[in-house]
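Chains A and B are the protein sequences, given in the same order. Here the first sequence is numbered in the working numbering, starting from 1 and rising by one per residue. Here the second sequence is numbered in the working numbering, starting from 1 and rising by one per residue.
Think of the hints as simulated: they come from the structure by calculation, not from any bench. Each hint should be verified, as a subset may be incorrect.
[To be verified] Quick list of the computed label-pair ranges, beta carbon to beta carbon: (1) A:E124 - B:D86: 48 to 56 Å; (2) A:E6 - B:K33: 35 to 43 Å; (3) B:D146 - A:K64: 35 to 43 Å; (4) B:L217 - A:K42: 21 to 29 Å; (5) B:E134 - A:W13: 29 to 37 Å; (6) B:R181 - A:G29: 24 to 32 Å.
[Said to hold, decoys possible] Simulated coverage check for chain B against chain A, where a stretch passes if three residues somewhere in it have a Cβ under 8 Å from a Cβ of chain A: (7) 7 to 14; (8) 71 to 82; (9) 95 to 103.
This structure is a prediction, so every number in the text was calculated from the model and none was measured. The C-beta atom is built at its ideal place from N, Cα and C for all residues, glycine as well.
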Amino acid sequence: MEKQNEVVLFGTWASAFCKRVELALKIKGIPYEYVEEDLTNKSESLLHYNPVHKKVPVLVHNGKPISESLVILEYIDECWNNTPKLLPEDPYQRAKVRFWVNFFDHQIMARLLPIIMTRGEEREKAIKEFNELLKVFEEGINKDFPEEFPFLEGKTLGYLDIVVGTALCNYEAFHEVVDVVFSPEKNPVIMAWVKALKNHPLMKETLPPHDKFVDKMREKYLDQYP
Amino acid sequence: MEEVKLLGVWPSPYSYRVIWALELKGVKYEYVKEDLANKSDLLLRYNPVHQKVPVLVHNEKPIAESTVILEYIEETWPHNPLLPTDPHERAFARFWIKFLDDKSPTLVGLYLTVGEEQEKATKEVRELLKIIEEQGLGEKKYFGGDKIGLADLVFGFIPVWLGVLEESAGVKVTKPDDFPRLQVWIENFRENPVIKANLPDPHQLLAHSKQKREVLLASKIA
C-alpha cells in the first residue's frame, strides 16, 4: 500500500522547538507519529535524517526529512495549504511576522541562558536586558499588528503565537527553578498574551506538564550551573 | 507607481544578497548608501529596532533583516523565481540559508583571531566547507538545484568575501584541489552575468578588510 502523507516527528518532550512543530501539526489537523529521542543516545534514524546537526525537531514527510523548527513550520504551511494558515497571505504582513519571530529567537530566547548561568548582580543585569528586549518586542508587535494584538480569545493560533507560546507559556516553571523574569506589572501586554495562549485548548494539549517540566529544568540547568 | 529603495553599505555581504536578488529579478530600485558611523534619519526611521542595513523600502513600507527581505522579494516579484516550487526543496534551501547565517561567527572567526586561536578557527572553517560541499551542494549545480537561487546568494559570501578575509588575516584555508565541487560552484556563481556586474571592488574590499581587522584586534588586546 502506498504511503500517503506519512508524517513522523522526531523530538524531545521538553523542547520548545519541538513543541512548535507539534502545535503546528495539531493546528492543521495533520495526523503524525511522534518519536521521542534520547539525545544522550541518538537513534540511527535521527542521525540519518539530520546528519548536519543531529538535533531535534526533525519532521519526516513521506520519507523526506526537514530540520530546523522555523523551516519546518513554513514547510507545513506550504505543504498543507488548508486553513487555518499559520502565516498571513500578504507578503508585507508575512515579512513583519518573520521579522518579529527572528527577533524573538535571536534576541529574546538568546537572553535566557545568560540569566540561568549567572548569579547576583550579573543575573540582575541579564534580567534587566531581557526585560528591555521584551519591551521592544511588545511595542513592535503592538505597532505592526494593531488589530491582532493583544491576542483575542477564539482566534486561531499563528506563526508568532506558536513561537511565543511554546517558549513562554511555561514561564511559571522558569520562575520556580531559575528566577522571576517577567510580571504583569513590568510586562502587561506579554503576560496578557501568554495567559490567553495558555488557555487555548491546543496549547494546553501540547505543553509539557508543569511538574515534570520543573524537574527537567532543575536537572538540566541547576545541575549544570549550580 | 512602484517605489523601491534599498539602504545598504558597500562592504556588506548582507546588502549584496539583496542587491543580487533585485538585479536577478530586474526590479528597479534606488540604492541609498548608508554610513553606519553616521546613521541617516532615514535608517533610524525605517529600522528603529536594529538600526542596521540592509533595509528594503517598498512604497514606503520598510522591511529589515536580509533573509526576511529575500523572502519578501521572492513573494512580491515572483517572476525569475529564486526558490524552487517543491516545498521540500524550498525547505532545503531555507535550511542551508540558516546554516550559513548561524555559522557566520565561525567564518568571521578566522579573521578576528591570531596565533593558536586562528589555527583552530581555520580548522573549523575547513570542516564547515566540507559539510557545505558534501551535504549542501552535493552533486547539484547550484544550492537550489539547476538555477541560481536565494541559497546561492547567501553562499555568495564564500566566493566574494572569504578570500578577502583570508588574505587580510594572512591565512589560507584551502589548497587548490580541496573542495572541487565547491570550486566549480564558485566559478559558476562568479560567471553569472548579473552577479559579475554587481560585485564590490576586490581591492577596495581587501583594503577595507585589512584596516578593519587592525582596529578590531587592537581593541581586543586593549
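Against the structure, the hints:
1. A:E124 - B:D86: 48 to 56 Å: Given a distance of about 50 Å, which is inside 48 to 56 Å, the answer is holds.
2. A:E6 - B:K33: 35 to 43 Å: 52 Å Cβ-Cβ, so the 35 to 43 Å window is violated.
3. B:D146 - A:K64: 35 to 43 Å: Violated: the Cβ-Cβ distance is about 19 Å, outside 35 to 43 Å.
4. B:L217 - A:K42: 21 to 29 Å: 39 Å, violated
5. B:E134 - A:W13: 29 to 37 Å: Holds, at about 32 Å.
6. B:R181 - A:G29: 24 to 32 Å: 42 Å, violated
7. 7 to 14: n = 0 at 8 Å, threshold three: violated.
8. 71 to 82: It holds: at least three residues are needed, and the stretch 71 to 82 of chain B offers 4 whose Cβ sits within less than 8 Å of chain A.
9. 95 to 103: holds (count 3)
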